[in-house]
Each structure stands twice: as C-alpha cells, then as structure tokens.
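S.K.: If you read the sequences in order, they're chains P and W. Residues 0 to 114 in numbering that gives the first Met the number 0 are what the first sequence spells out, letter by letter. Residues 0 to 269 in numbering that gives the first Met the number 0 are what the second sequence spells out, letter by letter.
It is possible that part of the hints are untrue.
Derived contacts from chain P toward chain W, CB cut-off under 10 angstroms, selection only [as the list claims (entries may be wrong)]:
id	residue
1	Ser14
2	Ala16
3	Pro48
4	His88
The following residues of chain P were derived to be distant from chain W, with all beta-carbon distances above 10 angstroms [unchecked claim]:
id	residue
5	Ala27
6	Leu50
7	Gly75
8	Glu76
9	Val91
10	Ala92
11	Phe111
12	Arg114
Source of the hints: derived by calculation from the structure; they are not laboratory data. Please read these numbers as outputs of a predicted model, since none were measured by experiment. Using N, Cα and C, we set each Cβ at its ideal position, and we do this for glycine too.
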Amino acid sequence: MSKPMTDDSFFEKLSEATQPADGTLAQAPSRLKARVYSALLSQQTASGPLLSVSATEASGRSLCVFEKAVEVLPVGEGIKALNFCRVCHARVAAEKMENAPIYWPHCPYSEFQNR
Amino acid sequence: MSATDHGNHHVSEVEVPPPISIRKLRVMHLLSRPLGGLLCASLVFPAAEGETTRISDLIDRGWLCRIGGWIFLSNAAQSAGTEPRTALPISDDATLVAAVLRRDRKATAEFLSLHADPVYTYVRNRLIPRTDLVEDVFQDVFLAAWQGLAGFRGASSLRSWLLGIARHKVEDYYRLKLREPLPIETEEGEPLPLAVEPEFDEAVDQERLTEKVRQILSTLPEVYSLALLWRYWENRSASEMAAGTGRTEKAVERILARAREQFRLRWRDE
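Using the sequences plus the hints, can you model the full thing?
M.R.: See the structure below:
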C-alpha cells in the first residue's frame with residue numbers, strides 16, 4: 000500500500016526499511032580478507048612475537064601442513080613463533096586472486112574464500 | 000601383508016607400537032602425504048637412540064604395508080594423531096579476544112572471518128557512491144580494532160564493538176567531505192518546492208528497495224549522498240553534522256534540502 004510522506008519521515012522510513020538483516024549481508028571479497036589478515040599479522044609481529052605454532056595447536060586450533068612441518072621440527076619456540084605466512088605462496092595468491100586455488104586444510108587464506 | 004590389505008586398517012583394530020611417538024607419526028604422515036603414503040624408510044626410521052622399531056614389526060602391527068617392494072603408511076597410521084577438527088572453531092567473544100591478544104594467528108583469522116561480512120556490508124552501504132574507498136576503510140577498521148582490542152570489555156558484542164569502530168571511520172570520511180567547498184548550486188538560494196510528494200511503498204521487498212536506494216545514491220553528487228547517509232542512515236542531527244564539519248547548522252540544512260530534493264526527483268523518475 001502506498002502512502003504519501005514528507006521530507007524527514009520519508010527518509011527515516013527508508014533508512015529503517017533498508018537496514019541489512021543478517022541473511023542479506025554482502026560477502027567481503029576473499030582477497031580483501033587475505034590482505035587485511037596479512038596486515039593484522041604484520042601489526043602483531045611489530046609489537047611482539049606471535050603465539051608459537053606448538054602453543055597454537057595446544058590451544059585446540061589446527062595447523063596447516065606447512066605450520067605442522069615446523070611444529071614437529073626440533074627447534075626452539077622462538078622459531079616456531081615466526082610469521083611463516085609471510086613467505087608462503089598461498090598468501091601471495093590469496094591477496095591477488097579472488098578465491099585463489101588453495102586446497103589444503105587449515106590454511107587461513109583458504110578459509111577466507113567465499114566458496 | 001599383501002597389496003590388497005593396503006588401506007583396510009582401522010584405528011580401533013590396531014595398537015600403537017610403543018617405540019613410535021606421536022611426533023614421529025606426524026613426521027611420517029607429513030612426509031608421506033604428497034607421495035600418497037609412500038615412505039622413504041631411511042628418512043623416517045633413522046632409529047633414534049633407544050628406539051628399536053623395525054619395519055617388519057610395524058608391518059605386523061598394521062601401521063605399514065608393503066606393496067611390490069615399496070613401503071606405505073597404512074590408513075590407520077595416517078589418521079593417528081591427526082584427528083579432524085573444524086578449521087575455524089567458533090569461540091565466544093571473550094575467549095576469542097583473549098586469544099587474539101595472545102597473538103594467536105588462528106584466532107586472528109577467526110576474528111576476521113567471523114566479522115568481515117557485517118563490517119564490509121556496513122562500510123559499503125555507508126560510502127555510496129565511493130565504492131573505491133570501501134576496502135581501505137574496511138582495513139582501517141580491523142587495524143584500529145587490533146590497536147584497541149585490549150580495551151574491549153565485553154559490554155556489547157564484539158560485532159557491535161567493531162561496527163562502532165566502522166561507524167567512526169565512516170563518519171571521519173563524512174566530516175572530511177562536508178568540510179570541502181561545495182558545488183556552486185548548493186551555495187545558492189533555497190531548493191525549489193517539489194510539486195509531487197514522495198511515495199514510499201512498504202510492500203516492496205527489502206532487496207529491491209535497497210537496490211533502488213543504492214542506485215539513486217550512487218547517481219547523486221557525493222556530498223549529497225553522504226549528507227543523506229549521515230543524517231538518516233546514521234541518525235545524526237543537522238546540529239551534530241554542523242559541529243563535525245565546522246559549518247553552520249543552516250548551511251547543513253541547506254545541503255540536506257538540496258540532497259533530498261535531488262533524491263526525490265530521481266525516486267519519482269525511477
């Protein structure tokens with residue numbers, strides 16, 4: 000049903016009627032999420048070491064195959080706390096391409112994909 | 000063990016051989032994965048001190064199998080110690096924030112993954128027609144969130160807190176744009192009264208309505224679309240807008256009147 004409105008009430012109703020509901024959220028592009036994730040890790044490493052991959056796994060979170068390889072190495076926690084994603088080809092691909100072809104599990108860049 | 004036995008073992012049917020540690024099993028699993036389970040025995044079994052494992056023992060126990068002279072990890076060994084987990088576990092806000100503050104990389108990914116869409120939707124809808132700015136503002140929101148995360152007290156949900164940061168970032172941009180010199184037409188006189196009052200059909204579904212609004216806002220001069228978004232979608236009064244931009248309230252009202260006029264003309268013509 001149509002009804003005439005004036006100025007403020009028209010725009011107020013319009014804004015109310017166009018507030019996005021949870022089900023109608025736009026998906027953030029995967030390459031944008033990848034870039035922001037890389038930026039967040041850079042900021043985190045600038046102010047201190049990351050949680051080591053061993054401690055990360057111990058807290059119940061899964062590691063990707065490359066992190067796992069580091070986790071089982073007989074090296075100190077300092078090494079295991081490095082930001083390995085920084086030198087990973089998956090990061091480069093995910094930041095440049097939408098839904099980059101990354102298929103191994105537990106890689107954050109793979110998890111950001113909108114598939 | 001014959002070739003046909005390969006892959007027929009289950010975790011429940013076999014026993015972990017004592018000399019093999021979970022760590023060594025993981026190494027075996029990682030090394031064998033790209034080769035379909037094929038092992039390089041000399042790499043995996045350098046027989047560390049105190050370990051007396053023999054390949055034949057492991058074959059007997061079902062952890063390895065021999066096929067045509069090659070040694071493979073059985074399915075049972077491949078699944079040991081590598082129980083499946085969900086990739087990004089859903090945490091409550093306080094747990095997630097604490098983990099991100101510990102610089103847990105996976106928690107940081109979860110934090111971003113969980114809240115990216117609402118923040119992105121909000122920023123995109125509030126910056127029409129400047130879609131080119133959406134990604135920069137989106138990134139600023141999450142970087143600012145990391146900077147201020149230690150101050151998150153849980154008074155509201157993490158999503159609301161993030162949307163609050165997004166709102167500040169968007170309003171920073173509104174303030175910047177409305178401080179700039181306006182188009183000449185905006186500075187001159189009062190807008191003409193509209194001959195036809197706008198109509199608003201509440202029965203139109205939200206998706207179509209939202210699209211129509213987006214479409215119209217994207218065709219308005221930027222200062223008009225931002226003024227309308229700020230006033231009506233962000234619920235700021237003209238005096239608040241004036242205070243934020245250094246303009247007089249009357250000047251803001253004039254911009255809003257022009258913006259409404261242009262919007263309604265396009266609304267009628269759509």
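S.K.: Hey, is P:Glu76 genuinely clear of chain W, shortest beta carbon separation above 10 angstroms?
M.R.: Consistent with the label, P:Glu76 stays out of reach of chain W, its closest Cβ about 13 angstroms off (over 10 angstroms).
S.K.: Could you check that no beta carbon of chain W comes within 10 angstroms of the beta carbon of P:Leu50?
M.R.: About 4 angstroms separates P:Leu50 from the closest Cβ of chain W, which leaves it inside 10 angstroms; violated.
S.K.: Over 10 angstroms to the closest beta carbon of chain W is the bar; see if P:Val91 clears it.
M.R.: It holds; P:Val91 is separated from chain W by about 17 angstroms at its closest Cβ, greater than 10 angstroms.
S.K.: For P:Arg114, is the shortest beta carbon distance to chain W beyond 10 angstroms?
M.R.: Correct as stated: the minimum Cβ-Cβ distance to chain W is 13 angstroms, above 10 angstroms.
S.K.: Measuring from the C-beta of P:His88 to each C-beta in chain W, is the shortest one below 10 angstroms?
M.R.: violated, 15 angstroms
S.K.: Classify the hint on P:Ala16 as holds or violated, based on whether any CB of chain W lies nearer than 10 angstroms to its CB.
M.R.: Interface hint status for P:Ala16: holds (6 angstroms vs cutoff 10 angstroms).
S.K.: Per the stated criterion, does the least C-beta distance between P:Phe111 and chain W lie above 10 angstroms, as a non-interface residue requires?
M.R.: violated, 6 angstroms
S.K.: Quick one, is the P:Ser14 hint okay against chain W at 10 angstroms, beta carbons?
M.R.: holds, 4 angstroms
S.K.: Using the nearest Cβ pair, does P:Pro48 come within less than 10 angstroms of chain W?
M.R.: holds, 7 angstroms
S.K.: At 10 angstroms, judged by beta carbons, does P:Ala92 keep clear of chain W as stated?
M.R.: Check passes; 16 angstroms lies beyond 10 angstroms.
S.K.: Taking the minimum C-beta separation from P:Gly75 to chain W, is that value above 10 angstroms?
M.R.: Label holds. Min Cβ-Cβ 16 angstroms, cutoff 10 angstroms.
S.K.: Beyond 10 angstroms on every Cβ pair: is that true for P:Ala27 relative to chain W?
M.R.: violated, 4 angstroms
Against the hints set out earlier in the document, violations occur for numbers 4, 5, 6 and 11.
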